[in-house]
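Q: This is what each chain is made of:
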Amino acid sequence: MAKKQQEAFFTPIGLENSTNGKVEKSVDLPEPTEKSHKDLDLSDDDVLSMYEQMYLQRRFEERAMQMYQKGKFGGFLHLYIGQEAVSTGTVFALNDDDDIITAYRDHGWGLVRGVTPKEGMAELFGKETGCSKGKGGSMHFAKVENHFWGGYGIVGGHIPIGGGIAFANKYQENDRVTACFFGDGAVDQGALHETLNMSQLWSLPCIYVVENNGYSMGTSARRHTVNEIHERSKGYGMKSAVFNGMDVFTVYENMRKIAEEVRKDSKPWFVEIRTYRYRGHSMSDPQKYRSKEELEEYQKTDPVERLKKYIIDKKVAGKKKIEEIEERIEEEVLEAIDYAEDSPFPENEALFEDMYADEPHFHDRDDFKGF
Amino acid sequence: MAELQFREAIREAIDEEMDRDERVFIMGEEVAEYNGAYKVTEGMLDKYGFRRVIDTPISELGFAGIGVGAAMNGLRPIVEFMTFNFAVLAADQIINHASKARYMLGGQLDIPIVFRGPNASAGQLGATHSVAYDSMYAQFPGMSVIYPSEPDDAKGLLKSAIRNNDTVLFMESEQMYGMKGEVSEEEDYIIPIGKAKVKREGDDVTIVASGKMYHIAKQAADQLEKDGVEAEIIDPRTIKPLDIETIIESVKKTNRCVIVDEAHPFGGLAAEAGFLIQRDAFDYLDAPVRRVTLPDVSAPFSKSLFDLWLPDAKQVIQAVNSVTYRG
Ligand SMILES: Cc1ncc(C[n+]2csc(CCOP(=O)(O)OP(=O)(O)O)c2C)c(N)n1
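Listed in order, the protein sequences are those of chains A and B. Note that the UniProt record's numbering has the first sequence beginning at 1, numbered continuously upward. Note that the UniProt record's numbering has the second sequence beginning at 1, numbered continuously upward.
For reference, chain A alone in the conformation it holds in the complex:
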């Protein structure tokens, strides 16, 4: 066998000799914007509405986690907690008929794009009143009428689909911009590279956004992919940006600018938004790959707290107003839980519904004696 055995390590070069529990900081956060909401043409009401949206995503998921732990529903549950500024800043930056598609960490995206807490919670519970009629669950929230094309469970699998949505928009000359979100883990998929190439080749009006939350499951970004992620764009001659995703104004400012450009010249962008996920990859993840200190370090930049502090410091509203919002949201989430509990499971016949748009054709349907 090889002579220099001790040199033949296939360990990732990104970090030196990392071991369980001792991992270097996984992602550096660029400085947030210094602009105030007024500089960004956001009204006080806009800011409060942003807060409301972010707080809703946070509370919805904290409650969802409790419900999961109580065994109210099963399947995977990937929480978005910590990343709410990305979804919220983006949705405020885009037009309502701009298109959004994302991966399985999708609750926040759904809520801010009009999935009601009731529809969302019912989906988690697998009820027929869920946004995907209980057929999709946590990973497949969607509200197509609001141009939220859904969450998808195969890492990188939806990236070409994002390109396709943009393709259709260009084809139909409707001026809509597509934003396609995925995790840092997805940049290692061939689908991304094929899609970026064609998008640049055909000038598709699409923003490809890596939500770099530092980890692909248990692997820090620096250990699963080489070089700076946003620099991948260079190989495709694609415009790119990298910015802080813990500050909603920063996301808003950048995404608005980029969307405007895309709308003007139909040239795609490749964007890396750096953020952090507070919870495990999913509920079954013991998180041995990162230290408590690291987590606490990032929690200091918490996007929800940050915006709250801004609102109070800049006197956008008083503490009382904030409390009012928070109470209302809490109420709404609790109502959503009751609604989900009380909603019926789908009828047996629903198993065969939604499989085909037209004449259904099931192979050997009569042999299925399930009910």
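Since the hints were made in silico from the structure, they are not lab data. It is possible that some hints are incorrect.
Per the computed footprint, the stretches of chain A lying under chain B, defined by three or more beta-carbons under 8 Å from a beta-carbon of chain B, are [unchecked claim]:
hint: 1; region: 217-229
hint: 2; region: 348-357
Which stretches of chain A does chain B cover? Using the computed rule of at least three CB atoms under 8 Å from a CB of chain B, they are [to be verified]:
hint: 3; region: 154-164
hint: 4; region: 183-190
hint: 5; region: 256-268
Computed cross-link-like contacts, DSBU-like style, restricted to lysine-lysine with a CA-CA straight-line distance of at most 35 Å [unchecked claim]:
hint: 6; chain 1: B; residue 1: K180; chain 2: B; residue 2: K226
hint: 7; chain 1: B; residue 1: K218; chain 2: A; residue 2: K72
hint: 8; chain 1: B; residue 1: K303; chain 2: A; residue 2: K288
hint: 9; chain 1: A; residue 1: K72; chain 2: B; residue 2: K303
hint: 10; chain 1: B; residue 1: K218; chain 2: A; residue 2: K70
hint: 11; chain 1: B; residue 1: K47; chain 2: A; residue 2: K292
hint: 12; chain 1: B; residue 1: K39; chain 2: A; residue 2: K288
hint: 13; chain 1: A; residue 1: K72; chain 2: B; residue 2: K180
hint: 14; chain 1: B; residue 1: K180; chain 2: A; residue 2: K288
hint: 15; chain 1: B; residue 1: K314; chain 2: A; residue 2: K72
None of these values were measured; they are calculated from a predicted model. Just so it is clear, CB atoms sit at the ideal spot from N, CA and C, and this is done for glycine as well.
Fit chain B with the ligand to the given chain A structure using the hints.
A: Same frame as chain A, now just chain B with the ligand:
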């Protein structure tokens, strides 16, 4: 005999083969530092180091192909997929390359690679995470497909798979990783690929089932026994090569057959075995062969629909009742 979890039996097989043969290594997503998504490879990194226990990015097509190239060039890779549901991204490497290159190049090289990981559904994971792929891969020449139902079979068969000089797909059910069973402590315990096992004897009906479905069949057989029906259960263990002789022999004895298959109905194990039985044992059949499969519908998330969707013992009993004309 030692009592082992399914995951421990698999780990032992890998460990023993890595110990025995320097050329064997394992790679896949989270197999090293994370100790495996389902903890199959726990402790492997500590024992064998970064040279032989290799974390990959989420690049199924790429690392499957790197495995194929390494196998061509003298190594014996074990490639772990987090589930076979994600291995579809690597299907080009598995189907177009691993299984075909030997033939295309006139037998100039071997491709001794094992692709392994969880198969089929593990619970309410939705449509993309709940597909059984054993029958699909069995369609293609050049590879073996193994879907064991018990830790003992898993250990013996995996060791065979690693020593096999062709492509082997070794499928595990996530729901079985924690399942315990007696495993032979025989040194170098090998079970040959392609041999079915009669796991329960009976005269009234033959039930064919592998992987997770074996346990459904067992539940059904326990229930049927109470009703006075003695079911014989054949676990093919390897889907390809399929030991049809053992199945036929059983059917000649019982004259009735139900095949339980975790795949969709079109063209799966049940269709193939059903065809072979009517071809080779037509005169022995007292009733048409029946099958219990998933419906021709993608996996739903909702618990109520999911439970309906997945084959269960009740359906197996219904099928047995039908072939024994008992209602
Ligand atoms: C093709 C494929 N391979 C593996 C998986 C299993 N898996 C699900 S999520 C995940 C990590 C992805 O991380 P990242 O893209 O960074 O997204 P994040 O979870 O951080 O939002 C893995 C390995 C999968 N769903 N699809």
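Q: Now look at each hint and say whether the structure bears it out.
A: Verification of the supplied hints:
Note: the region 217-229 of chain A has 6 residues with beta-carbon separation from chain B under 8 Å; the three-residue rule is met and the coverage holds. Counting residues of the region 348-357 of chain A whose CB lies closer than 8 Å to any CB of chain B gives 5, which reaches the minimum of 3, so the coverage claim holds. Check on the region 154-164 of chain A: 4 of its residues sit with their Cβ under 8 Å from a Cβ of chain B, so the three-residue criterion for coverage holds. For the region 183-190 of chain A, the assignment as covered by chain B holds, since 5 residues bring a beta-carbon within under 8 Å of that chain's beta-carbons and 3 suffice.
Coverage of a stretch by a chain is defined here by at least three residues with a beta carbon nearer than 8 Å to that chain's beta carbons; for the region 256-268 of chain A and chain B the count is 0, and the condition is violated. Between the alpha carbons of B/K180 and B/K226 the distance comes to roughly 25 Å, so the proposed pair stays at or under 35 Å and holds. Note on B/K218 and A/K72: the hinted pairing holds, with a Cα-Cα distance of about 29 Å set against a maximum of 35 Å. Distance restraint check for B/K303 and A/K288: the Cα-Cα separation of roughly 31 Å lies within the 35 Å cut-off, and the hinted pair is therefore satisfied.
Using a Cα cut-off of 35 Å, the hinted pair A/K72 and B/K303 holds, with the two alpha carbons roughly 10 Å apart. As the CA atoms of B/K218 and A/K70 are separated by approximately 31 Å, the hinted pair is consistent with the 35 Å bound. With a C-alpha separation of about 27 Å, the suggested pair B/K47 and A/K292 falls inside the 35 Å cut-off, and the hint holds. For the given pair, B/K39 sits about 13 Å from A/K288 by alpha-carbon distance, which is consistent with the 35 Å threshold.
For the hint pairing A/K72 with B/K180, the CA-to-CA distance comes to about 27 Å; that is within 35 Å, so the pair holds. A C-alpha spacing of about 26 Å is found between B/K180 and A/K288, which places the hinted pair at or below 35 Å, so the restraint holds. A C-alpha spacing of about 25 Å is found between B/K314 and A/K72, which places the hinted pair at or below 35 Å, so the restraint holds.
This entry does not satisfy hint 5, going by the numbered hints stated previously; all others are met.
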